[in-house]
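*Asks:* My request is simple: use the sequences and hints to build the entire structure.
So the chains spell out like this:
There are 2 protein chains.
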Amino acid sequence: MSEGLTFICLSVLIAAVGAAEVIAPLRTTPADNLRMREGASFKTAVFADLHFGENAWTEWGPRQDYNSVGVMSAVLDNEQPDFVIYLGDVITANNIMIENASLYWDQALSPTRARGIPWSSIFGNHDDAPFEWPLEWFSETGIPQLHCLTANASFAGGEECSFRGTTRLELMKSEIEQNTLSFSKDGPRNLWPSVSNYVLKLSSASNSQEPVVFMYFFDSGGGSYPEIISNAQVKWFQKKSEEINPDSRVPEIIFWHIPSKAYKKVAPKFNIHKRCVGSIFLENVAPQEAEMGMMKVLEKRPSVKAVFVGHNHGLDWCCPHKKLWLCFARHTGYGGYGSWARGARILEINQQPFSLKSWIRMEDGSTHSEVILSS
Amino acid sequence: MSEGLTFICLSVLIAAVGAAEVIAPLRTTPADNLRMREGASFKTAVFADLHFGENAWTEWGPRQDYNSVGVMSAVLDNEQPDFVIYLGDVITANNIMIENASLYWDQALSPTRARGIPWSSIFGNHDDAPFEWPLEWFSETGIPQLHCLTANASFAGGEECSFRGTTRLELMKSEIEQNTLSFSKDGPRNLWPSVSNYVLKLSSASNSQEPVVFMYFFDSGGGSYPEIISNAQVKWFQKKSEEINPDSRVPEIIFWHIPSKAYKKVAPKFNIHKRCVGSIFLENVAPQEAEMGMMKVLEKRPSVKAVFVGHNHGLDWCCPHKKLWLCFARHTGYGGYGSWARGARILEINQQPFSLKSWIRMEDGSTHSEVILSS
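Top to bottom, those sequences are chains A and B.
Going by UniProt numbering, the first sequence opens with residue 1, and the numbers climb by one from there.
Going by UniProt numbering, the second sequence opens with residue 1, and the numbers climb by one from there.
FYI, nobody ran anything at the bench for these hints, they're computed from the structure.
Backbone N, C-alpha and C define an ideal beta-carbon position, used for all residues, glycine too.
Treat the hints loosely; a few may be bogus.
Said to hold, decoys possible - According to the in silico footprint, chain A covers these stretches of chain B (three or more CB under 8 Å from chain A):
hint: 1; stretch: 121-135
hint: 2; stretch: 160-168
hint: 3; stretch: 230-238
hint: 4; stretch: 247-253
What the hints assert, rightly or not - Dumping the calculated SDA-like pairs for lysine to any residue here, alpha-carbon to alpha-carbon at most 25 Å:
hint: 5; chain 1: A; residue 1: K235; chain 2: B; residue 2: P144
hint: 6; chain 1: B; residue 1: K235; chain 2: B; residue 2: F281
hint: 7; chain 1: B; residue 1: K265; chain 2: A; residue 2: E136
hint: 8; chain 1: B; residue 1: K261; chain 2: A; residue 2: T141
hint: 9; chain 1: A; residue 1: K265; chain 2: B; residue 2: S139
hint: 10; chain 1: A; residue 1: K239; chain 2: B; residue 2: E140
hint: 11; chain 1: A; residue 1: K264; chain 2: B; residue 2: K235
hint: 12; chain 1: A; residue 1: K322; chain 2: A; residue 2: M362
hint: 13; chain 1: B; residue 1: K173; chain 2: A; residue 2: C161
hint: 14; chain 1: A; residue 1: K261; chain 2: B; residue 2: E140
hint: 15; chain 1: B; residue 1: K296; chain 2: A; residue 2: L135
hint: 16; chain 1: B; residue 1: K239; chain 2: A; residue 2: E136
hint: 17; chain 1: A; residue 1: K173; chain 2: B; residue 2: E132
hint: 18; chain 1: A; residue 1: K235; chain 2: B; residue 2: K296
hint: 19; chain 1: A; residue 1: K239; chain 2: B; residue 2: K296
*Replies:* Structural data, given as structure tokens:
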């Protein structure tokens, strides 16, 4: 081991971002029902690709996480949303060598929790990716001095670093058990290794039995298993949507992390944006590895209005595709590749008449790329 | 889960190959001293790329393992070696979903152990590679019915499958603790994540203090960390060899799994074999990711006679490189890519005068590619 760089202790950042927080009691019942407020629209902020926990052996990583907390705080204070969606790649597990990566995950949740806003989360391809040893650690420089002392002394391991990672199930169980504001779920067991598959109902202010919209969350894989939405997930969606929305009367919106191949088809080419709305068109779409039927099912179902994904930090567009919209969120985190200005996609739902409007709120407070996704 | 293929229970194969075995007592002291027999040469069989545990969810995998036991048995019975070297990729961890991959590792050791022959082992890039989920498991076919019941009921997990893998340290500790015949070591802690780094001394029949040859074993990485021999390993070799063989008087031979870039340079091109000796020249060399100084040190040290690697199943040559020889072993296992006939490289060491001869013994009993590596 060289006497090189020293890992900045995690507890410092936790103290910094969590100061104003009230410790939430353990949740007792799972929640799958969100409620509109009387006379108000329902506003959701989508936080995509936060990538907490990068390069934890240098000062760079913790500084990016601190900056990402700043982005989220600015968006939350400007928009005052009713709900937040963490759209995957919440952490960069391939850089994390502490025993329990939930500590980084928890940091990412903290600005939302501190404001008492409920949220839900899904997994991206980095959240349980295996640790990647930097090649330079094998050169003369050697492995930097790593301090893996965790903030919570009760965690096993103490100062011992661990390179085995934290599984999707462990991350999700930790989030759910420790947060009453979390609406996340670890999904049906028969869909594992795909974990974050669930549906939330947003119901009317006047009648909790009256659904305004169903929000479907899917794990699009990556990290410990292929970047894919399985046929089993497709079947689960078909069964579930038939059961709770048999006549397709209630609008449905869909969230997952990695764009499907359909995004590649509708992506603007040669700088011709057609009916697409967005501000950055700077990358090729990096789609899932294969299609197992999800897009066909969504395209045919009249109630499905839009799909939202992250993953490509250099894309923030919405493009129409057949009778629905395919949208990217906006790179929210200072972690992850790319130095495009950070922001978050906002969704605004109105009940009577139903409308789904979206725009992007930037860290500096500006907004752009407003689009109506319900027409 | 579909009602598809059923995983063939591991215990069946263990029973089949382990029948004639005497259970060895737990080892108490580490061994690093091998001894020549009076008036005899010292013969070593090198088993490379056995790849136990492939496709464990079909009948194919266990059948290949059974066949690999056959190859090893044929070689051992024909050659009656004094020692065996397991040259990495003993198992295909990226296919193994039982809690403890040591069970497969142990199967690979069983033909040698059953004959009372001592051995040592090093790691290849597959031995702790992360589980790779087959893409088809996410299609309509679904995940086959997996039975992960282990032969040893005391292992945690019971029938629960595990996809987290078994670390190099766990594999090595398990081998060492359970086998008095094992000369393997988990190496200096400051070289981790690189684990199988150690040296064995072969000493004279007449005088246990008189070394005939030093055999150096290195972990060339891959799987959970990059395919590389680190600068720290180079420094360890320099220090160790200076300490135990300061005047370079005693010959040294070297074993690791992944060829270094020097192999690419000396590989026969355009079917011109020059001074190379071998029978298959059917692939491009797949070398380590980077050089951190090991080859330069070996090339300069007069006592280093030869380097032996596996990894490329379609290569079995020895080529001269500066004042030493670079040799491939021979693909021994039915697991792993390629259908070239299986065999094992044999090394024969004589003391007075010192000589290092090598040939390849095939499963069918034939031999070929004899070469003197000490001249």
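*Asks:* Check whether three or more residues of the stretch 230-238 of chain B sit with their beta carbon closer than 8 Å to a beta carbon of chain A.
*Replies:* holds (count 3)
*Asks:* Would the hint linking A/K265 and B/S139 be met if the CA-CA limit is 25 Å?
*Replies:* 22 Å, holds
*Asks:* Given the proposed pairing of B/K261 with A/T141, does the C-alpha separation stay at or below 25 Å?
*Replies:* Roughly 21 Å separates the two Cα atoms, so the pair holds.
*Asks:* Has the given pair, A/K173 with B/E132, been kept, meaning a C-alpha gap of at most 25 Å?
*Replies:* Holds, at roughly 24 Å.
*Asks:* Mind checking the alpha carbons of B/K296 and A/L135 for me, to see if they're no more than 25 Å apart?
*Replies:* 19 Å, holds
*Asks:* According to a criterion of three or more residues whose C-beta lies within less than 8 Å of a C-beta of chain A, is the stretch 247-253 of chain B covered?
*Replies:* violated (count 0)
*Asks:* Between A/K235 and B/P144, does the CA-CA distance stay at or below 25 Å?
*Replies:* 17 Å, holds
*Asks:* Next pair to validate is A/K235 with B/K296; report whether the Cα-Cα distance is within 25 Å.
*Replies:* It is violated: about 58 Å lies between the C-alpha atoms, which goes past 25 Å.
*Asks:* Are the Cα atoms of A/K239 and B/E140 separated by 25 Å or less?
*Replies:* Since the Cα atoms of A/K239 and B/E140 sit roughly 15 Å apart, the hinted pair holds (cutoff 25 Å).
*Asks:* Hint check: B/K265 vs A/E136, CA-CA at most 25 Å. Holds or violated?
*Replies:* Since the Cα atoms of B/K265 and A/E136 sit roughly 24 Å apart, the hinted pair holds (cutoff 25 Å).
*Asks:* Would the pair B/K239 and A/E136 pass a check requiring their Cα atoms to be no farther apart than 25 Å?
*Replies:* 22 Å, holds
*Asks:* Would you check the hint for A/K264 and B/K235, treating anything up to 25 Å between C-alpha atoms as holding?
*Replies:* 50 Å, violated
The earlier numbered hints that this structure contradicts are 4, 6, 11, 12, 18 and 19.
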